[in-house]
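Asks: As a plain string of letters, each chain reads:
There are 2 protein chains.
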Amino acid sequence: MKLEEALHKLKAQGVRLTPQRQEVLRILIEETDGEEHLSAEEIWRLVQKRYASVSFDTIYRTLNLLIRCGLASELDFSDGCRRFEFAGNGHHHHLVCLKCGRAEELAFCPEDCLARVQVERPGFKITGHAFKIYGYCQRCQ
Amino acid sequence: MKLEEALHKLKAQGVRLTPQRQEVLRILIEETDGEEHLSAEEIWRLVQKRYASVSFDTIYRTLNLLIRCGLASELDFSDGCRRFEFAGNGHHHHLVCLKCGRAEELAFCPEDCLARVQVERPGFKITGHAFKIYGYCQRCQ
DNA sequence: TAGCACATTGGAATGATTCTGATCTAGGAG
DNA sequence: CTCCTAGATCAGAATCATTCCAATGTGCTA
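As they're listed, the protein sequences go chains E and Z.
In this text, residue positions in the first sequence follow the working numbering: the first is 1, and each later residue adds one.
In this text, residue positions in the second sequence follow the working numbering: the first is 142, and each later residue adds one.
These are calculated hints, taken from the structure and not from any lab test.
Here the structure is a predicted model, which is why all the values come from computation and not from measurement.
There may be inaccurate statements among the hints.
To be verified - Chain E is nowhere near these chain Z residues, computed Cβ spacing over 12 angstroms in every case:
no. : residue
1   : S196
2   : D198
3   : R202
4   : G229
As the list claims (entries may be wrong) - Dumping the calculated DSSO-like pairs for lysine-lysine here, alpha-carbon to alpha-carbon at most 30 angstroms:
no. : chain 1 : residue 1 : chain 2 : residue 2
5   : Z       : K190      : Z       : K150
6   : Z       : K266      : E       : K132
7   : Z       : K190      : Z       : K152
8   : Z       : K190      : E       : K99
9   : E       : K99       : Z       : K266
10  : E       : K99       : E       : K132
Where a beta carbon is used, it is the ideal one built from N, C-alpha and C, also for glycine.
My request is simple: use the sequences and hints to build the entire structure.
Replies: Here it is as structure tokens:
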């Protein structure tokens with residue numbers, strides 16, 4: 001399954017599989033049911049359940065490591081802290097609720113817009129993009 | 142001109158026109174030649190030229206006030222601090238250079254994408270959006 | 001199984017932003 | 001024009017997310 005695959009990918013990059021790292025990865029993959037996008041603190045609390053003495057620093061170092069290895073991506077919902085998600089579910093964007101802070105995932109991607117931008121600005125070398133939609137989810141209206 | 146207009150708009154909302162506020166607004170409007178998008182600290186240094194004892198706190202309170210009044214907007218270029226711009230130049234997006242941090246403004250807006258999203262997710266009430274393109278500007282490639 | 005390069009820990013440091021309590025002032029009332 | 005006060009400013013301390021540091025612990029290769 002996904003976790004095995006992700007661990008294998010990490011190992012293939014010469015990264016040590018410590019229990020803390022495995023647990024962070026497991027949480028990103030398995031404990032984000034529905035529309036949860038966890039903050040570092042939330043991940044820390046979850047890891048603590050199994051490894052009570054894990055430090056905050058380890059969480060951040062691990063998350064940054066996973067990002068460098070392409071297994072996690074960071075999100076910014078303008079709520080004061082970074083949020084993280086597993087990067088193995090394909091490219092997507094988010095609908096962010098301004099009241100409850102939850103984010104729904106959106107498969108749709110404005111690729112054709114990118115092409116138009118590239119034509120308009122040939123001098124700029126595009127490497128990535130972000131499309132975020134703000135508003136109120138059904139529950140919060 | 143623009144500054145007069147903006148000050149008038151502020152007054153109309155019952156906001157006191159202190160010299161510090163006027164200077165912050167003037168800097169946002171007049172001193173951002175080219176593609177500068179100022180951080181709070183940069184604005185602070187500029188205000189200090191005229192009001193040497195201005196506090197950092199005043200800069201932040203003023204910027205947040207201007208945002209609430211619709212005269213400024215905040216930008217996030219993922220470089221660790223918020224950046225600000227005058228909100229009277231029309232809706233636009235940004236091409237952010239990952240090397241030098243500068244942002245070019247992009248008049249093009251993926252409005253049609255928004256419409257498609259709205260059809261796809263009728264339950265979500267859209268109030269705003271952000272479209273950011275990351276990459277390398279001509280100078281930095 | 002041993003050894004060491006790399007990870008983890010706890011606490012302190014950093015940097016952006018906001019709060020606090022004392023002092024000052026913009027701008028309306030007289 | 002002057003007075004008055006709600007609201008603004010100031011300096012410095014507090015807060016919050018994130019990272020650094022030095023000591024200690026541990027995956028994993030040989």
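Asks: Each of the hints needs a verdict: does it hold here or not?
Replies: A quick look at each hint next to the structure:
1. S196: Per Cβ check, Z/S196 is outside 12 angstroms of chain E; nearest 22 angstroms; holds.
2. D198: Non-interface label stands for Z/D198: nearest chain E Cβ at 18 angstroms, farther than 12 angstroms.
3. R202: 17 angstroms, holds
4. G229: Correct as stated: the minimum Cβ-Cβ distance to chain E is 21 angstroms, above 12 angstroms.
5. Z/K190 with Z/K150: 25 angstroms, holds
6. Z/K266 with E/K132: With Cα atoms ~13 angstroms apart, Z/K266 and E/K132 stay inside 30 angstroms; holds.
7. Z/K190 with Z/K152: 25 angstroms, holds
8. Z/K190 with E/K99: 40 angstroms, violated
9. E/K99 with Z/K266: Status holds; Cα separation ~12 angstroms.
10. E/K99 with E/K132: 15 angstroms, holds
Checked against the numbered hints given earlier, the structure breaks only hint 8 and satisfies all the rest.
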